[in-house]
Amino acid sequence: MLVPNSLPVRVFIVDDEYVIAATLATILKRSGYAATYFTNPFEALARVEADSPDLLISDVVMPEMSGVDLAIHIRAACPRCKILLFSGQAQTANLLRAARDKGHDFALLTKPVHPADLLAEIGSLVENGKANESAVGQIPV
Numbered sequence: 001m002l003v004p005n006s007l008p009v010r011v012f013i014v015d016d017e018y019v020i021a022a023t024l025a026t027i028l029k030r031s032g033y034a035a036t037y038f039t040n041p042f043e044a045l046a047r048v049e050a051d052s053p054d055l056l057i058s059d060v061v062m063p064e065m066s067g068v069d070l071a072i073h074i075r076a077a078c079p080r081c082k083i084l085l086f087s088g089q090a091q092t093a094n095l096l097r098a099a100r101d102k103g104h105d106f107a108l109l110t111k112p113v114h115p116a117d118l119l120a121e122i123g124s125l126v127e128n129g130k131a132n133e134s135a136v137g138q139i140p141v
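The sequence shown runs 1 to 141 under the working numbering.
The hints are simulated quantities; they were obtained by calculation from the structure and are not laboratory data.
A few of these clues could be false.
Restraint-style ranges between C-beta atoms, simulated for each label pair [claimed, not checked]:
#, residue 1, residue 2, range
1, 80, 46, 15 to 21 Å
2, 64, 127, 29 to 35 Å
3, 120, 42, 26 to 32 Å
4, 26, 103, 33 to 39 Å
5, 124, 100, 32 to 38 Å
6, 63, 7, 19 to 25 Å
Subject to a maximum C-alpha distance of 20 Å in a straight line, what follows is the list of computed SDA-like cross-link-like pairs (lysine to any residue) [as the list claims (entries may be wrong)]:
#, residue 1, residue 2
7, 29, 17
8, 111, 124
9, 111, 63
In this text, a Cβ means the ideal position worked out from N, Cα and C, and glycines have one as well.
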């Protein structure tokens, strides 16, 4: 997505499942975003200094690091970065509650998410700087 008179919005997508990460990147690239995907959250963190994202989209439950912890680290490095987490796991609520207790508030989408719902939520985050916390979509990507 292009903002008038600016570069495309830089999006980092992090999911330990390659197919999901690559598919989301393809959807976003076709919609005009500069999307880069990672299957390891530490790789995304290593890339932050060189290519600060405008938006992080991350799975919540990953083996190397939770998406909540990743979001906290990226927000510390890039305070203006918008955060959108997504998950199909029941333990997500506990992770988000713990983050909120520490003063962090992140948007959440529930997997599976329909591409149109994902793009609408991203548009809301990018254009308004606001996210509606909700469980959206039941159609697989």
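Subject >> Which numbered hints fail >> reply: When the structure is compared with the hints, numbers 5 and 6 turn out to be violated.
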